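Chemist: The residues making up each chain are set out below.
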Amino acid sequence: MMALKVKRIEMGTVLDHLPPGTAPKIMRILDIDPTETTLLVAINVESSKMGRKDILKIEGKILSEEEANKVALVAPNATVNIVRDYSVAEKFQVKPPERVEGFLRCPNPNCITNDEREPVNTVFIRESREPLEYRCRYCERTVREDHIRELIRPS
Amino acid sequence: MSSFANRDVISVRDFTRRELEELLSNAEEMERVYERGGDDRLSGKILATLFFSPSTRTRLSFESAMHRLGGDVISLGGKEAASTAKGENLADTVRTVEHYCDVIVLRHPKEGAARLAAELTDVPVINAGDGANQHPTQTFLDLYTIMKEKGRIGGLRIGLLGDLKYGRTVHSLAYALALFGARIHLISPEELRMPSHILAELERIGAKVEEHRDLEEILPDLDVLYVTRIQREMFPDPEEFERVKGSYKVTRDLIEEHAQSDLAILHPLPRVDEIEPEVDELPQARYFDQVRNGVIVRMALLDLILGGE
Ligand SMILES: [Zn+2]
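Residue numbers (our numbering), protein chains in the order written: chain A, 271 to 425; chain B, 46 to 354.
Bound-form chain A, shown alone:
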């Protein structure tokens, strides 16, 4: 088997243990513009822990814990490595954020946030962690973990 050869980065963020195929969604969640950022994306690679996984290396950008936690919505087991001077300076597990603003759309067609004439962004508040559940601040509809991926807005 050929080893996956991925260049080490000098400074940046490595997101590991992403469910296979989720890397593009995660780029959207983190609002990463691939025309301006150097990225190394590995999709559907072998993982001893998960069977298959994605890895996303973002060069030159250090994600804050708050930013990185947004990833937990689609990749609850993701680990984040902050790289400085070619070595891992910090490592943590993502936690689902308490409040999610803007990038999820509400699944309720009658929700005021789906009315294009109104100046309003979506806000979802975490309702429970196990199972992961969020509630729309406006219409109060709840969305479960398995549903959240479909609700991510294209950026």
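What the hints contain is simulated information worked out from the structure, not anything from laboratory work. All figures in this text were calculated on a predicted structure; none of them were measured in a lab. Any given hint might turn out to be false.
[What the hints assert, rightly or not] The list that follows gives simulated cross-link-like pairs (lysine to any residue, SDA-like), each with its CA atoms no further than 20 Å apart: (1) B:Lys210 with A:Lys319; (2) B:Lys210 with A:Arg414; (3) A:Lys319 with A:Asp286; (4) B:Lys210 with A:Pro377.
Model the placement of chain B with the ligand on the given structure of chain A, informed by the hints.
Modeler: The following block gives chain B with the ligand in isolation, referenced to the frame of chain A:
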């Protein structure tokens, strides 16, 4: 200072048991004000009712409550609201109207409309129904009616009968009853069961809940029976409505044979055919008192929000 002072009233979920108790005890005081024919404690204050979907009863109840406390009322409703809704968005409407009044009562077909209005304005907003979501003052008046009838809420055995799937009022009411420690009996046909996410939420706040298919079986144990109607407009699928309409009915015989003599039968009104008219003459029928309580609770709410400044 009251925890209600200048506060928005959007969802039952925003209130603690202690705050609801404060409202109920103020309603007891308002009962006496109402008996005296009102007073003028809110003189100089203006209430605006904005009804983008019709509910004459709710609007009149709020307007009556405001008048009883000496305040003034301005209204945007019916055709006016419909034409405003066509040209202007809700955000602009409320940002205009807030300069005309001290409190806004809003009813709107979109869920979340009241929360949005509250965020965009400085005057308090009271949600008088946002689509199929919340109608908190209905829940407040239901609580007050139970308190008045029974002297307490905690420990009572309260049956919620009917459309528990689409019935907005029972979702909020079940939540509030759980806060007070009532024992909740959910009675419905299989097709109209309480949605699982609401059951999960009730469980999360420690509610004592049982589900039943058969009213006759549980009726003898109940202190309160809260009946809801099946609303055609709430059903996304008309065929589903046809299948379940008329699937339960409270009859005189049923009450006389199975209910406790001091059972209180409540209903948010208007009713269709889920309570037989013959039930009205029974001592257990309390639903018309609920209407009066609605005015009193809204007086209490307006007094807490606008008074004491
Ligand atoms: Zn919503």
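Chemist: State for each hint whether it applies.
Modeler: Now the hints, each set against the structure:
1. B:Lys210 with A:Lys319: violated, 42 Å
2. B:Lys210 with A:Arg414: holds, 19 Å
3. A:Lys319 with A:Asp286: holds, 11 Å
4. B:Lys210 with A:Pro377: holds, 18 Å
The structure fails hint 1 only (numbered hints given earlier).
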